[in-house]
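Participant: So you can see what is in the structure, the chains are spelled out below.
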Amino acid sequence: MTAHDHNEGPSRRKVLECMTWAGTGVLWTVAGGVPTSLGIIDRALAQQSKGFTFLQISDSHMGFDKPANPNAKGTLEEAIGRVKALPVKPSFMIHTGDISHLSKPSEFDDAERIISQARLDVHYVPGEHDLIDDEQGKLYRERYGRGTKGAGWYSFDADGVHFIGLVNVVNLKAGGLGNLGNEQLEWLEDDVKGRASSQPIVVFAHIPLWTVYPDWGWGTEDGARALGYLKKFGSVTVLNGHIHQVMQKVEGNVTFHTARSTAFPQPAPGSAPSPGPMKVADDKLRSMLGIASVTFKQNEQRLAIVDTPLQG
Amino acid sequence: MTKMKSVSKIVFAGVAALLLIVATPAMAEEVAVKIGNFTFGPQELKVKSGTTVTWTNEDDIPHTVTSSTLAFKSKALDSDDKFSFTFTTPGTYQYFCSLHPHMTGTIVVEAATGSNASPPR
Chain A
1 MTAHDHNEGP SRRKVLECMT WAGTGVLWTV AGGVPTSLGI IDRALAQQSK GFTFLQISDS
61 HMGFDKPANP NAKGTLEEAI GRVKALPVKP SFMIHTGDIS HLSKPSEFDD AERIISQARL
121 DVHYVPGEHD LIDDEQGKLY RERYGRGTKG AGWYSFDADG VHFIGLVNVV NLKAGGLGNL
181 GNEQLEWLED DVKGRASSQP IVVFAHIPLW TVYPDWGWGT EDGARALGYL KKFGSVTVLN
241 GHIHQVMQKV EGNVTFHTAR STAFPQPAPG SAPSPGPMKV ADDKLRSMLG IASVTFKQNE
301 QRLAIVDTPL QG
Chain B
1 MTKMKSVSKI VFAGVAALLL IVATPAMAEE VAVKIGNFTF GPQELKVKSG TTVTWTNEDD
61 IPHTVTSSTL AFKSKALDSD DKFSFTFTTP GTYQYFCSLH PHMTGTIVVE AATGSNASPP
121 R
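First to last, the sequence lines map onto chains A and B. In terms of the working numbering, the first sequence is residues 1 to 312. In terms of the working numbering, the second sequence is residues 1 to 121.
Hints were generated in silico from the structure; no laboratory data involved. Hints may be right or wrong, so weigh each one.
[To be verified] No farther apart than 25 Å at their CA atoms in a straight line, the calculated lysine-lysine pairs in the DSS-like style are these:
hint	chain 1	residue 1	chain 2	residue 2
1	B	Lys-73	A	Lys-173
2	A	Lys-104	B	Lys-82
3	B	Lys-75	A	Lys-173
4	B	Lys-34	B	Lys-48
5	B	Lys-48	B	Lys-82
6	A	Lys-249	A	Lys-66
7	B	Lys-34	A	Lys-279
8	B	Lys-73	A	Lys-104
9	B	Lys-82	A	Lys-173
10	A	Lys-138	B	Lys-73
11	A	Lys-232	A	Lys-249
12	A	Lys-138	B	Lys-75
13	B	Lys-75	A	Lys-66
14	A	Lys-104	B	Lys-75
15	B	Lys-46	A	Lys-138
16	A	Lys-231	A	Lys-193
17	A	Lys-173	B	Lys-46
18	B	Lys-73	B	Lys-34
19	B	Lys-82	B	Lys-46
20	B	Lys-34	B	Lys-75
21	A	Lys-66	B	Lys-82
22	A	Lys-173	B	Lys-34
23	B	Lys-34	A	Lys-66
24	A	Lys-193	A	Lys-173
Excised from the complex, chain B in its bound form:
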């Protein structure tokens, strides 16, 4: 939180700094997960913080992407529909299809390195 501490005395500057962090997506990565044959592929995925993961339903049956803690939840995705979520907080995210709960997956979010790093907790 060092960066945040340096600006915390001035509220407006703090807000401006936050906006800057949010508004610099140039370094952000994008990763795809396929939903096919009632499985998420890859079933486990490691990404850097700030990565946007996009799921695409390639089945003839609708599926959802639902976090076990409800950190994210898609609508029912019809065939070829997509759902994206940007992971900004490191951690392990378990998710499943709320229609076919035997379908499960995991996203492991690691702290980003370099200038785009999230503040460590």
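This is chain A alone, in the form it adopts within the complex:
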């Protein structure tokens, strides 16, 4: 199926055909702050929209070699292969953390070598696995922290969209969840002050900013305060990783979305004794790993997130 098949929009036949792609992705449209699901689509339809597209990859875990995926390097290479094969080149990539498994230089090197093959700018935020060198993140900050504030937060504009990369994996408190901290929150408040409420906002951070499952620490203690500063905006998209599975929630003007890992899947909340790496049958693994593409249609305030598994 190519983009050309969709010149006249998804006819019934096409929709039915696309049904066989179930799991490939769901297109969400946000118009005037009211999200509408357009149903199951394939990657080609999203590409057809001629909007501004960027990609999200997450949780590469270079160095992971346990039974859940002994070859995390190989599956990252496959994911980047997918990126290179896209019919329309995305504007850039964001990586929502856990680049490495143990913050080792060789792991960051492997990630850099493989991800750079996509020939795209990459905007990173750290996961907790990226800050566990002896000097607690020195390696990450040396490699990815240029121009960032505090533990590595920053913002930038692209095609009229304001992107905000947050760090919620440092100074975690006993018994708690992810944590942004006062300094970062004050910076955020200041960063969005004075921006037009019509400007689309994309926030990305490693741990989900919404509470997915507190028993497993899947949430951010002070995430609600961050979202409070974004209340006035008509279109807010929150992209996270950490939980190694796709989850989506829409609340008012805010769409929350988590991406798959490229390394290994984790169980659905509460479905296993712990959130540890989930071993699945070898022929299932690639259906649980993948990347996400996000498209904005400038004039229609449209936003589409399409998750693409490595195999599907």
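For chain A, the structure is supplied; the task is to place chain B on it using the hints.
Facilitator: This is chain B only, laid out in the frame that chain A set:
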């Protein structure tokens, strides 16, 4: 502090006595805590002062052993890595995994009895 008081007038003797206390580990106990399925087991542990507790990470994901007051803090423990800490002061020590803070544990250290007793405070 009676023992300490008796030697406090002579500084060198005091230091020597301290060295003696530190250098008599024969009576010290060793206790293991497993880290598995994102939990510390046992979650609460009572030990005598002087006990060495050793944590072993049995998960496929790294964890840390971090005291809430930073009295002790391990590096990130990869699978099968160990961390040991000897508790010499009675008290209650709360700790957690600084990577997965919903993982918490407690070590309660009681004053040791007998010749190996720590000086009471």
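Participant: With the threshold set at 25 Å, check whether the alpha-carbon distance from B/Lys-46 to A/Lys-138 stays at or below it.
Facilitator: violated (37 Å)
Participant: Hey, B/Lys-73 versus A/Lys-173, does the alpha-carbon distance stay inside 25 Å?
Facilitator: holds (14 Å)
Participant: Given the hint that A/Lys-66 pairs with B/Lys-82, test it: the Cα-Cα distance must not exceed 25 Å.
Facilitator: The hint holds at about 18 Å.
Participant: Under the criterion that the straight-line Cα-Cα distance not exceed 25 Å, is the pair A/Lys-231, A/Lys-193 satisfied?
Facilitator: The hint holds at about 11 Å.
Participant: Between B/Lys-82 and A/Lys-173, is the straight-line Cα distance small enough, at 25 Å or below?
Facilitator: This hinted pair holds, its Cα atoms lying about 22 Å apart.
Participant: Compare the distance between the alpha carbons of A/Lys-104 and B/Lys-82 with 25 Å, and conclude whether the hinted pair is satisfied.
Facilitator: holds (19 Å)
Participant: Hinted pair, alpha-carbon criterion (25 Å max): A/Lys-104, B/Lys-75. Please report holds or violated.
Facilitator: Within the cut-off at roughly 13 Å; holds.
Participant: With a cut-off of 25 Å on the C-alpha distance, tell me whether A/Lys-249 and A/Lys-66 pass.
Facilitator: violated (31 Å)
Participant: Just to be careful, I want the Cα atoms of B/Lys-73 and B/Lys-34 compared with a cutoff of 25 Å; is the pair within it?
Facilitator: Distance of about 16 Å is within 25 Å: holds.
Participant: Next pair to validate is B/Lys-34 with B/Lys-48; report whether the Cα-Cα distance is within 25 Å.
Facilitator: Roughly 19 Å separates the two Cα atoms, so the pair holds.
Participant: Would the hint linking B/Lys-82 and B/Lys-46 be met if the CA-CA limit is 25 Å?
Facilitator: Since the Cα atoms of B/Lys-82 and B/Lys-46 sit roughly 20 Å apart, the hinted pair holds (cutoff 25 Å).
Participant: Has the given pair, A/Lys-173 with B/Lys-34, been kept, meaning a C-alpha gap of at most 25 Å?
Facilitator: holds (21 Å)
Of the numbered hints stated above, those contradicted by the structure are hints 6, 15, 24, listed in ascending order.
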